[in-house]
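Chemist: Chains as they are written, first to last, in UniProt numbering: chain A, 1 to 383; chain B, 1 to 383.
Take these hints with a grain of salt, some might be off.
Listed next, the in silico DSS-like pairs over lysine-lysine satisfying Cα-Cα at most 25 angstroms (straight line) [said to hold, decoys possible]: (1) B/Lys26 to B/Lys58; (2) B/Lys303 to A/Lys32; (3) B/Lys132 to A/Lys352; (4) A/Lys352 to B/Lys304; (5) A/Lys71 to B/Lys382; (6) B/Lys58 to B/Lys71; (7) A/Lys304 to A/Lys294; (8) B/Lys157 to A/Lys382; (9) B/Lys352 to B/Lys32; (10) A/Lys26 to B/Lys32; (11) B/Lys71 to A/Lys382; (12) A/Lys304 to B/Lys32; (13) B/Lys26 to A/Lys26; (14) B/Lys352 to A/Lys132; (15) B/Lys356 to B/Lys32; (16) A/Lys71 to A/Lys356; (17) B/Lys304 to A/Lys32; (18) A/Lys294 to A/Lys132; (19) A/Lys36 to A/Lys71; (20) A/Lys352 to A/Lys26; (21) A/Lys157 to B/Lys382; (22) A/Lys352 to A/Lys32; (23) A/Lys32 to B/Lys26; (24) A/Lys303 to B/Lys352; (25) B/Lys132 to B/Lys303; (26) A/Lys352 to B/Lys303; (27) A/Lys303 to B/Lys32; (28) B/Lys352 to A/Lys304.
Covered stretches of chain B, as calculated for chain A (at least 3 residues, CB under 8 angstroms) [to be verified]: (29) 244 to 253; (30) 260 to 273.
Worth flagging that the hints you see were computed from the coordinates, not collected in a lab.
The beta carbon of each residue, even a glycine, is placed where N, CA and C say it ideally should be.
There are 2 protein chains.
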Amino acid sequence: MAGCELDSLEETLETHLPEAELREVKRILFGKQTEKLDLPACAVDAASERNFELKGYKFEATQEQLRPPRKVRVGLVQNHIVLPTDAPVLDQINAMHSRIGEIVEVAAMCGVNIVCFQETWTMPFAFCTREKEPWTEFAESAEDGNTTHFCQELARKYNMVVVSPILERDEQHSTLWNTAVVISNSGNMLGKTRKNHIPRIGDFNESTYYMEGNTGHTVFQTQFGRIAVNICYGRHHPLNWFMYSMNGAEIIFNPSATVGALSEPMWAIEARNAAIANHCFTCAINRVGTEHFKSEFTSGDGKKAHHDFGHFYGSSYVAAPDGSRSPGLSRTRDGLLVVELDLNMNRQISDKWSFKMTGRYAEYAEELSAAVRHDFKPNIVKE
Amino acid sequence: MAGCELDSLEETLETHLPEAELREVKRILFGKQTEKLDLPACAVDAASERNFELKGYKFEATQEQLRPPRKVRVGLVQNHIVLPTDAPVLDQINAMHSRIGEIVEVAAMCGVNIVCFQETWTMPFAFCTREKEPWTEFAESAEDGNTTHFCQELARKYNMVVVSPILERDEQHSTLWNTAVVISNSGNMLGKTRKNHIPRIGDFNESTYYMEGNTGHTVFQTQFGRIAVNICYGRHHPLNWFMYSMNGAEIIFNPSATVGALSEPMWAIEARNAAIANHCFTCAINRVGTEHFKSEFTSGDGKKAHHDFGHFYGSSYVAAPDGSRSPGLSRTRDGLLVVELDLNMNRQISDKWSFKMTGRYAEYAEELSAAVRHDFKPNIVKE
Chain A
1 MAGCELDSLE ETLETHLPEA ELREVKRILF GKQTEKLDLP ACAVDAASER
51 NFELKGYKFE ATQEQLRPPR KVRVGLVQNH IVLPTDAPVL DQINAMHSRI
101 GEIVEVAAMC GVNIVCFQET WTMPFAFCTR EKEPWTEFAE SAEDGNTTHF
151 CQELARKYNM VVVSPILERD EQHSTLWNTA VVISNSGNML GKTRKNHIPR
201 IGDFNESTYY MEGNTGHTVF QTQFGRIAVN ICYGRHHPLN WFMYSMNGAE
251 IIFNPSATVG ALSEPMWAIE ARNAAIANHC FTCAINRVGT EHFKSEFTSG
301 DGKKAHHDFG HFYGSSYVAA PDGSRSPGLS RTRDGLLVVE LDLNMNRQIS
351 DKWSFKMTGR YAEYAEELSA AVRHDFKPNI VKE
Chain B
1 MAGCELDSLE ETLETHLPEA ELREVKRILF GKQTEKLDLP ACAVDAASER
51 NFELKGYKFE ATQEQLRPPR KVRVGLVQNH IVLPTDAPVL DQINAMHSRI
101 GEIVEVAAMC GVNIVCFQET WTMPFAFCTR EKEPWTEFAE SAEDGNTTHF
151 CQELARKYNM VVVSPILERD EQHSTLWNTA VVISNSGNML GKTRKNHIPR
201 IGDFNESTYY MEGNTGHTVF QTQFGRIAVN ICYGRHHPLN WFMYSMNGAE
251 IIFNPSATVG ALSEPMWAIE ARNAAIANHC FTCAINRVGT EHFKSEFTSG
301 DGKKAHHDFG HFYGSSYVAA PDGSRSPGLS RTRDGLLVVE LDLNMNRQIS
351 DKWSFKMTGR YAEYAEELSA AVRHDFKPNI VKE
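Produce the complete structure using the sequences and hints provided.
Modeler: Encoded structure:
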C-alpha cells in the first residue's frame, strides 16, 4: 500500500502535463476521448450536499441508416461502509440502504436506466476475518430479502433496472452464495446470477463462506439492453467474460471489492481487455475506503495480525469495445459514475474487428476438452 | 493518427510529474517497478553508434528453498525497414539481415538468451496494397530459406534461441503462411508455428495472402525455458494466449505490426492481460516507422487513396504474471529491449492467485462446445 492515497490518476495527469502531451498520453492510455455528459444542476448540487463524487461521460457510436441509436445510461456506485463494522447488523444494513437510496435518487435525476452497486454492498467485506458470526447474518434471500424489496422499490420509483450484489442465503439448500440480484425497471425480479469464480488468496478467504456459482452465464434482457454480471474475481478469468458475451451480453457489470496492494495494476487492464475482446461494454465497480474489524486477523503473508486489510481504491470505470474507457471515479471518495452508451457501438466494432468470426471457437472447444483431461499431454516440441 | 509522434509515454510522464506523484502513477499504471538492468558499456556504445535504443530491465522473483532462480534474458527487437519498398526484393531482404545482425550482436553482448524479431521481419508490411507481386516473393521456406539459415548462424554464433517471424512459402502444399521459425541455441531448427488468427480489417487485408495457421498451440522447450509465439492479431483472442499457456508456455512472444490509429490504446492492455490471466510472461513486439508504397491504395474507410497507412508505433514491452510490466521501447526508433526474467515467478504467482485451479475449465469446455453449434440457444432471461 502507498503511504498517501492519490485521489485520481487522471487528475494527476491533468494537473501536471502540458496540453499537447496530455492529449497524446490520454489517447495512448485511454483511447478515443469520452465526452463529458451534461448533468442537471440539481443532481450536481445534491451530490455535493451528500458528499459524493458525480461524474458523467458518454461514448458515441456512428449514426446508422437502419437502426436508431440505442442509448442507455448506466450508473456505477462506489461507496464506503457507513457504520463501524461492530455496529448491530441491522443498523449497518439500514444505514447502507439509506446511503444507497440517496445516491440512486441522484442517479434518477441524471436519467440513469441501469444502476449497479458494489459487491456485497450491504455489508463490510469481512471475509478476511474468517469469522462466520456475525457476518453470515448479513446474508439474505435473493427473492424475498429486505434488500431485494428495497431495490424493487427503487426500481419502480425511478423506472430503473437495479443490479444488487448481495451475500445470499438460500434457505432451501442451506447454502450461502455471492449473488447479484437483477431487478427490472418494472420492479419485478428478473433473476439472479452467482459469482462463478471464488478467490482463495490473502485476505480474500471467500471459499470459506461460499462456493462457485451454479447459475452459469445467464444474460438478462432488460428494456435497455442485455446485461450480465461478472462478480469480482471472475474478472481475472477471460473465459468468464467470454461466455457472458457468447450468451448475448451487451453490457457486463463487474461489481468488486479489491485493495491496492493486491490488484490495482490489474484493475485498469482486465475489464477493459474484456470489452475489447468481446465487443461489448464493461463496467468495473470497486468499493472505497479502509474497513476496520474488532478482532485482529492475519493475512497469510507472514506479517503480524492487524485490524484492516488495506485500502479499497474505488476507481470505478466503464470500458468500450473500441478500446477506449471513461475516466475513473476517485480512489478515495464515494461516487456515482453516469455513463451514456450507444449499444450500437458493439455491433459496429464487431463488424470492424470481427473477433467473433476469426475466433475459431469450434477448434478451441475441442482443444479445451482435451486439455482438461487428467491425462492431457501438452504439445511441447523438444530438440 | 496524431500529428506529432510522442517518443515515449514513460519519458513524458517522467519529465512532467513530481517525484511522489510519479511513483504512484507508475505503480497504478505499470505495477511493481522493474529494476534497470546494468548493460555492458560496449553494448551501450554499439547501440548508440548503430543508432538504436537499448534498454534493460529485470523482473525478480522470490528466492525459493528448493528451486534455484531460473533467470533468462529475452531480447525484443523493433525496427524500421531499411530500404525503400520499391528496392529490389533481394536487396531489401539482405539489408534487413544486415540490420538485424548488428542488433543481435549487441543482444549477445547483453547476454540475451532468446531473441525475437517483429512480425514478417524481412519485408515491409505490404498487405495493405493487396498486390501479390512483388510481395509474395519475400516468402521463404521455413526450413531451408536464406533467412532461416541466417538465423541459424546467429543462434550458433551467440548461443541464442532465435524466434524469426517470416512470410513462409510451403512449396509442398503451394501455400503461404505467416509463420515464426524457432531456432534452438544449438542452431538446429526446433520447429515452426503459424499465426492462428488472421485479420480482415482496414489495411490488414492479410486473409488475401494466407490463412489461419494449422500448427495449433505448439510450445517449444528451449534450454532457457518453454516458449510460444502468438503472432500479431492473435493477441486479441484470449483463448489463443490461454491455449499456449495450457500447453506449458512460460514466455509467450507476440511479434506484431500495428499502427496507432487502429490499435494503440489496446496495445498496453492485451499482452499484459494475457500475462496476468495465464501466470506467464508475455513479450509484445511492434515494428516502427511509416512505410511508403509506390502504388496508391485505399483503406476501406471511404478516404482517398494514399501511399502509407500510418505510423507503426513500436512500444515493445514485457509483461509479467504479477501484473507489472517493463517500460516500453520508444514509439519512433529502432530498439532492443533486454529483459531478465526469473521464470520462477510464474509458479509463485500461480500458487498465489490460483487462476488455473479456480478456472472451471471443464465446465467451459462443455459450454463452449454447446455455444459453437449453429443452433445454440443463448441463456437469456426475459421478464
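Chemist: Indicate, hint by hint, whether the structure satisfies it.
Modeler: Hint-by-hint comparison with the structure:
1. This hinted pair checks out: B/Lys26 and B/Lys58 have alpha carbons roughly 16 angstroms apart, not beyond 25 angstroms.
2. Distance restraint check for B/Lys303 and A/Lys32: the Cα-Cα separation of roughly 20 angstroms lies within the 25 angstroms cut-off, and the hinted pair is therefore satisfied.
3. At most 25 angstroms may separate the alpha-carbon atoms for a hinted pair to count; B/Lys132 and A/Lys352 meet this at roughly 24 angstroms.
4. Between A/Lys352 and B/Lys304 the CA atoms are separated by roughly 19 angstroms; this keeps the pair inside 25 angstroms, and the hint holds.
5. Between A/Lys71 and B/Lys382, the direct Cα distance comes to roughly 20 angstroms. Compliance with the 25 angstroms bound is thereby established for this hinted pair.
6. About 10 angstroms separates the Cα atoms of B/Lys58 and B/Lys71, which keeps this hinted pair within 25 angstroms; it holds.
7. Between A/Lys304 and A/Lys294, the direct Cα distance comes to roughly 15 angstroms. Compliance with the 25 angstroms bound is thereby established for this hinted pair.
8. As the CA atoms of B/Lys157 and A/Lys382 are separated by approximately 21 angstroms, the hinted pair is consistent with the 25 angstroms bound.
9. For the given pair, B/Lys352 sits about 16 angstroms from B/Lys32 by alpha-carbon distance, which is consistent with the 25 angstroms threshold.
10. Restraint check: the Cα-Cα separation between A/Lys26 and B/Lys32 comes to about 22 angstroms, which is no more than 25 angstroms; the hinted pair holds.
11. For the hint linking B/Lys71 to A/Lys382, the alpha-carbon distance of about 20 angstroms falls within 25 angstroms, and the restraint holds.
12. Between A/Lys304 and B/Lys32, the direct Cα distance comes to roughly 23 angstroms. Compliance with the 25 angstroms bound is thereby established for this hinted pair.
13. Distance check on the hinted pair: B/Lys26 and A/Lys26 sit about 15 angstroms apart at the alpha-carbon level, within 25 angstroms; holds.
14. Between the alpha carbons of B/Lys352 and A/Lys132 the distance comes to roughly 24 angstroms, so the proposed pair stays at or under 25 angstroms and holds.
15. Distance restraint check for B/Lys356 and B/Lys32: the Cα-Cα separation of roughly 23 angstroms lies within the 25 angstroms cut-off, and the hinted pair is therefore satisfied.
16. For the given pair, A/Lys71 sits about 23 angstroms from A/Lys356 by alpha-carbon distance, which is consistent with the 25 angstroms threshold.
17. Restraint check: the Cα-Cα separation between B/Lys304 and A/Lys32 comes to about 23 angstroms, which is no more than 25 angstroms; the hinted pair holds.
18. Taking the CA atoms of A/Lys294 and A/Lys132, the gap is near 14 angstroms; set against the 25 angstroms cutoff, the hint holds.
19. In summary, the hint linking A/Lys36 to A/Lys71 is supported, as the alpha carbons are separated by about 15 angstroms, within the 25 angstroms threshold.
20. For the hint linking A/Lys352 to A/Lys26, the alpha-carbon distance of about 23 angstroms falls within 25 angstroms, and the restraint holds.
21. Restraint check for A/Lys157 and B/Lys382: the C-alpha separation of about 21 angstroms stays at or below 25 angstroms, so the hint holds.
22. Pair hint A/Lys352 plus A/Lys32 holds up; C-alpha atoms about 16 angstroms apart against a cutoff of 25 angstroms.
23. Of the pairs offered as hints, the one joining A/Lys32 and B/Lys26 holds, with about 22 angstroms between alpha carbons and a cut-off of 25 angstroms not exceeded.
24. Pair hint A/Lys303 plus B/Lys352 holds up; C-alpha atoms about 16 angstroms apart against a cutoff of 25 angstroms.
25. For a cut-off of 25 angstroms, the pair hint linking B/Lys132 to B/Lys303 stands: about 23 angstroms separates their Cα positions.
26. For the given pair, A/Lys352 sits about 16 angstroms from B/Lys303 by alpha-carbon distance, which is consistent with the 25 angstroms threshold.
27. Taken as a hint, the A/Lys303 and B/Lys32 pair is honoured in the structure, with Cα atoms around 20 angstroms apart against an allowance of 25 angstroms.
28. The straight-line distance between the Cα atoms of B/Lys352 and A/Lys304 is roughly 19 angstroms, inside the 25 angstroms bound, and the hint therefore holds.
29. Three residues within the 8 angstroms Cβ limit are the bar, and the segment 244 to 253 of chain B against chain A gives 3, so the coverage statement holds.
30. For a cut-off of 8 angstroms, the count of residues in the segment 260 to 273 of chain B with a CB near a CB of chain A stands at 9, and the three-residue condition holds.
Of the numbered hints given earlier, the model fails none.
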